[in-house]
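Each chain, letter by letter, is given below.
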Amino acid sequence: MRGKGVSSMGSAVAAKVAAETAAASTAGAVAAPSAAGATECADSINAAEEHLPHLPENVAIWCQHLAFRFKDIEVFDDVSFHVHRGEFVALTGKNGAGKSTLLKLIVGLLEPSRGKVLVFGAPPRGRIESIGYVPQHAGFDPAFPIQVEEVVGMGRLSGLSPIAKHQKKEEIEWALRQAEVHDLRARPFSALSGGQRRRVLVARALVGHPKLLVLDEPTANMDMDSEKKFYETLARIKGTTTVLIATHDSDFVSALADTVLCVGQNVDHPHSVHRHAIERAVNAPAELYGGEVVRVRHDIELPDNACCEGKE
Amino acid sequence: MSGFLQALLNPAVPFVRNALIGSVLAAFLFGVLGSLVTVRRIAGLAGAISHTVLGGIGLALFLASRGAPKWISPMLGALVFAILAALTISVVSLKAKQREDTVINALWAIGMSLGVVFLAKTPGYADPMSYLFGNILLVTSGDLYLLAALNVIVIALVARYYRHIEAASFDEEFAATKGVPVTAIYLGLLLIIAIAIVLLQTFVGIVMVIAMLTLPAGTAGYFSRNLAGMMIHATILSLVFSVSGLAVSWTFDLPAGAVIVLLSGAVFLAFSIGNMLSKRSKRKADQQTGLEGSA
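So the sequences go chain by chain: A and B.
Sequential numbering of the first sequence, starting at 1, is according to full-length UniProt numbering.
Sequential numbering of the second sequence, starting at 1, is according to full-length UniProt numbering.
Each hint should be verified, as a subset may be incorrect.
Which residues of chain B face chain A? A few of them, derived with a C-beta cut under 7 angstroms, are [what the hints assert, rightly or not]:
# : residue
1 : A167
2 : F170
3 : T177
4 : K178
5 : G179
6 : R225
7 : M230
No wet-lab data here; the hints were simulated from the structure.
We put the CB at the ideal spot given by N, CA and C, even for glycine.
Full structure from sequences and hints, please.
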């Protein structure tokens with residue numbers, strides 16, 4: 001599967017080059033050596049940097065030399081990583097390490113101080129309809145009169161443009177079913193349990209079939225049953241949607257995860273994001289984590305192009 | 001009460017009819033803007049804007065008494081001060097949220113004190129009390145046209161951008177990821193509230209503006225299922241409170257603004273107490289069924 005990713009990435013770059021130079025020979029030269037796996041993936045991404053936004057088509061999130069400062073505090077410095085389409089990525093790190101900040105940079109709520117974040121080859125503000133975001137949302141107002149269906153309906157918004165009614169109904173219905181909250185549609189949002197609310201917020205993010213779903217610690221303070229249902233929802237959309245989920249349980253992550261990115265755990269480079277290895281967890285209490293889990297090997301750091309090796 | 005109806009139909013006292021039309025037009029603004037003020041929890045902010053208005057009125061009257069041109073009217077002074085207050089608070093709330101509360105209260109106190117000082121130095125009789133409580137029976141037809149125009153603008157904007165306003169009020173962060181201009185909506189709302197306060201306080205007074213922006217919407221919040229329902233219910237409640245308050249004050253010769261505020265306040269308190277009691281009895285019932293279940 002990954003091998004196919006590499007070759008399609010190569011041909012995407014080739015197509016762009018061909019379009020620009022109109023020289024068939026150049027295109028052939030770039031597309032030909034596809035056996036070199038890992039190095040080619042990294043090279044083609046580096047090559048793409050000069051000609052933004054000609055990114056390989058199967059890259060969903062692309063961060064290059066990203067830096068972010070909040071007032072005088074350095075949060076990120078020289079962060080580079082990429083996430084492929086359809087990948088399920090767990091983002092771990094201690095409280096205050098900057099997980100939420102990184103997610104906000106990716107969904108376009110914050111602007112990087114230096115470097116670039118691209119989502120499907122464009123800045124996040126240009127990808128509003130491709131991104132579904134589930135914020136932590138700890139401080140919502142219980143006195144706000146609103147029904148579940150209306151909360152989910154917010155997912156259809158795009159700028160100030162009006163929403164077509166028929167389109168809205170179908171979209172909302174689909175999202176309610178995906179997150180298993182369709183029987184709650186007429187309930188006041190404030191009357192729901194914490195776990196139900198999180199699933200409603202997932203439904204809201206799923207409206208409009210986003211290509212990238214970004215979730216900020218969605219299972220914090222969730223009871224086990226809710227967490228199980230929650231991961232079942234994510235399992236249903238895995239593969240068709242790229243998922244980036246921040247979680248505070250940093251030793252185990254859901255077995256749905258293909259990749260683990262760790263924020264602020266490298267001693268030499270604390271303001272950065274690194275890829276860590278995962279392994280099958282033996283004796284891990286699955287019921288505590290809402291499903292099967294894998295162990296994160298924080299002692300094994302992988303290069304950013306690790307995902308591009310021709311593993312099957 | 002029949003005396004009020006007769007007065008309404010009596011062409012010799014047109015101010016009673018104007019007061020009634022004014023109450024109806026004000027009810028829509030109180031219902032729609034009041035609901036937004038309530039769900040966004042910016043009642044303190046609206047309070048500060050409306051009290052700084054007194055400073056503007058005082059300054060305009062003072063300048064007029066010193067021979068300033070005629071276009072410097074109390075209404076203009078009020079408008080300038082209201083918009084300045086709204087801008088100051090919004091800049092603080094966007095840039096330094098932790099200072100917002102202090103700034104709101106500072107503007108509130110400074111604005112009122114400026115008003116009192118200017119009015120004291122204005123020759124002739126200008127009673128600050130008349131600006132605090134206003135006089136609904138002094139509404140002119142010019143005021144009514146302005147009020148009607150503002151109604152049209154507010155209702156058109158809310159009807160067109162309802163979903164966007166709802167999302168920006170409920171979850172600003174999520175709305176922003178969907179490209180909704182949340183800061184522009186916030187600033188627009190404050191600006192319209194500032195203008196509404198200026199128009200409304202000329203005849204209902206500063207105290208009643210704040211009361212009517214919070215009490216009917218607060219009451220409606222107890223039984224409304226969504227923001228639109230809250231706006232409609234709050235409008236109906238404002239209408240009922242102002243018309244019945246007007247009738248009561250006419251019949252018993254009481255100050256209209258104060259009677260309307262007292263009526264709204266009484267109903268709001270009754271709902272609050274009723275809600276508290278029903279929650280408590282529900283909790284008791286839950287505990288009891290819980291005990292029976294475990295026994």
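Verification of the supplied hints:
no. : hint : verdict
1   : A167 : holds, 4 angstroms
2   : F170 : holds, 6 angstroms
3   : T177 : holds, 5 angstroms
4   : K178 : holds, 4 angstroms
5   : G179 : holds, 4 angstroms
6   : R225 : holds, 6 angstroms
7   : M230 : holds, 5 angstroms
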